[in-house]
Amino acid sequence: MLNLVFLLLCVFNAEAFVTIVAFTSFWAILAISRYKLRGVRNNCPDAVNEERTMPLVSVVMPIKGFNPEKLNFWRAQTSTSYQNVEFVFVTESKNDPATEHIEDFLREFYANRSPSDSRHIECKQVISGLSWHNAQKIHNMIAGTQASNPDSRYTLFLDDDLGTNPNTIEILVRAIEEGMANPDDEDEKPKNWISTGYIVEVPPPETKSTLMSHFLSLYRIINLSSFANKYCPFAWGGCFMIRTADLRANRHGILDIWRDGGYSDDMAVSNIAHQTGKRIVADPRVLFRGDLRVVEPVKKTFNFVQRQFVTLDTYFTRADWLQNRLQVTLAALALPVILIPTLSVIAQLASIGPWAVWSLYQYVSDRTPPSPYLALDALMLTLILIAAYLAIVVNKWTLTVLVDVVAGQQGKERGEPFMFKKWGFVAGAIIYMVAAPTFAVSTVAKRTVDWYGVLYSKQGGRIVRCARHPDDMRRLGELADDEELHPFAQHAEDARTEPRAEMAGRTYVVEPETRKNRGWLSRDREASLAAAVKDNSELGGQKTCVLMLNPTTDGVRARVTEVRQVDQI
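Under the working numbering, the first residue of the sequence shown is numbered 1, with each subsequent residue one higher.
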């Protein structure tokens, strides 16, 4: 085998050999994805056992901001065919634009609900407050879990801008309960720890695709390969279900990890699954189609992708660190290894034409034999071109069928979303292959990330500081018009070493109640934060507690936030 590899490297150029390996691997992945399409075509789960009452599922949706399209997503999500479900809408502040629209939507939902609707549906609206020690999304997720029904069996964390199918919740429940002798036995531990879905984002049909839309499409396409198998290595934060009991009991320290400077909710649970030998199941029927905005600013697009790469620099144990560093290394090296030889092959292929004309001229004029360049190298490059073309055709067919099936399930218009024949996609692919390694390397060197107006600072794999602009604080009602908070640099404890937190020319304020300043959160996964703060961190009640340090003492205080039932609105 080694002799054959050596012979190939000697006869052909190294770039051509690497390109063949890359395309062969790519084709194999596509074949797996094509095989998995058989499960997507039928989105109807098995017949429901009428003798069994389906367990209560709490759907927690962290929400920030509002646009009219979200109303359609909320209607689709609450139109589930699942018979026992609770929806928890979580915003960070009363003054968040989404808060008022959630109230209006819930009124509309109950006003239009048919008397013959036999589903048991509860709806809650939770105001979580601002987070100062972890990502705001994770903070909202924990607040929503705290406010959920104590009888909930499963918790589904769901993006509020995701168009689900009526059967989505039931499919996720059945995926977790697969292989259980008695799903209703709460003491029986399921073999599958998490069930998850994924999204394929494409430009809307019959619209003019932009370079950035192709860029984002390629990002989703590459990540889709992780969900080609039933048991996938990662959970997707936009849609994953877990047993509520695991959250309430803080098993494997999941709440400690989220609270203690947590940035990526899905990466945290994925790392726990790897280290504890638990399975993450991805049913191919839980796949969603998202429509990319046609006009997306370049800066905003790059910021989104960079935020995704930042998750690779968040970790909580040595094993997490090693695994994430490996992914960063692969992202930084794999794409250039594919891009550079591919561009080299294209350049050599383009030069075959002039070489052929020149060789023919020499043959006619001087009767010299044709150039050997037209022999083995030309044949090799031609075969690579054919392989690349076939791979693109298979890729286009696979993804087009996949997106069409998903679109039909969601009642969306079908179309040809992946225009591989357009140069825009080729340009977007090249930009991604150049930008992705840059983002991967920058995640290690860069210490801050801007996420929806919040400047997060990371150190040691965790979020150590959250900074917000005073104007944003006042808009959210967290800061009075005549009230001021001292900038971070003015705290005596950190003025010696920490500069003012600045971003885009604006100074941000940081509450002194951060983990780095006080060190009150445990870094040990086995030491439960709930035990440290006693009753204030227990889940399952109807009050949501935000754990913070009192800036005047060393004790812990709990700020109770608002939980409103829909019938009280």
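Among these hints, one or two may not hold up.
[To be verified] Pairwise CB distance ranges (calculated):
1) 330 with 97: 24 to 30 Å
2) 100 with 251: 34 to 40 Å
3) 461 with 220: 21 to 27 Å
4) 461 with 330: 37 to 43 Å
5) 434 with 68: 22 to 28 Å
6) 104 with 304: 36 to 42 Å
7) 83 with 104: 21 to 27 Å
8) 245 with 111: 31 to 37 Å
9) 446 with 110: 22 to 28 Å
10) 446 with 118: 51 to 57 Å
11) 441 with 112: 40 to 46 Å
[Stated by the list, open to error] Straight-line alpha carbon distances no greater than 20 Å define the calculated SDA-like cross-link-like pairs of lysine to any residue that follow:
12) 191 with 179
13) 230 with 180
14) 278 with 177
15) 299 with 442
These aren't lab readings, by the way, just hints derived from the structure by calculation.
Glycine residues also receive a C-beta, built at the ideal position from the N, C-alpha and C atoms.
Quick rundown of the hints versus the structure:
1. The hinted window of 24 to 30 Å between residue 330 and residue 97 is violated, with their beta carbons roughly 39 Å apart.
2. The beta-carbon spacing between residue 100 and residue 251, approximately 37 Å, falls within the hinted interval of 34 to 40 Å.
3. Between residue 461 and residue 220 the CB atoms are about 26 Å apart, so this pair conforms to the stated range of 21 to 27 Å.
4. Take residue 461 and residue 330: their Cβ atoms lie about 18 Å apart, and the range 37 to 43 Å is violated.
5. About 36 Å separates the C-beta atoms of residue 434 and residue 68, a value inconsistent with the hinted range of 22 to 28 Å.
6. Between residue 104 and residue 304 the C-beta distance comes to about 29 Å, which lies outside the given range of 36 to 42 Å.
7. The supplied range of 21 to 27 Å is met by residue 83 and residue 104, whose beta-carbon atoms lie about 26 Å from each other.
8. Between residue 245 and residue 111 the beta carbons are some 35 Å apart, a value that agrees with the proposed interval 31 to 37 Å.
9. In this structure the supplied range 22 to 28 Å is violated for residue 446 paired with residue 110, their Cβ-Cβ distance being about 46 Å.
10. For residue 446 and residue 118, the Cβ-Cβ distance of about 53 Å falls inside the hinted range of 51 to 57 Å, so the restraint holds.
11. For residue 441 paired with residue 112, a C-beta distance near 52 Å fails the hint of 40 to 46 Å.
12. A distance of roughly 7 Å separates the Cα atoms of residue 191 and residue 179; the hinted pair therefore holds under the 20 Å criterion.
13. Using a Cα cut-off of 20 Å, the hinted pair residue 230 and residue 180 holds, with the two alpha carbons roughly 17 Å apart.
14. For the suggested pair residue 278 and residue 177, the alpha carbons sit about 14 Å apart, so the restraint of at most 20 Å is met.
15. With a CA separation close to 16 Å, the supplied pair residue 299 and residue 442 stays within the 20 Å bound.
In this structure, the earlier hints numbered 1, 4, 5, 6, 9 and 11 are contradicted, and the remaining ones agree with it.
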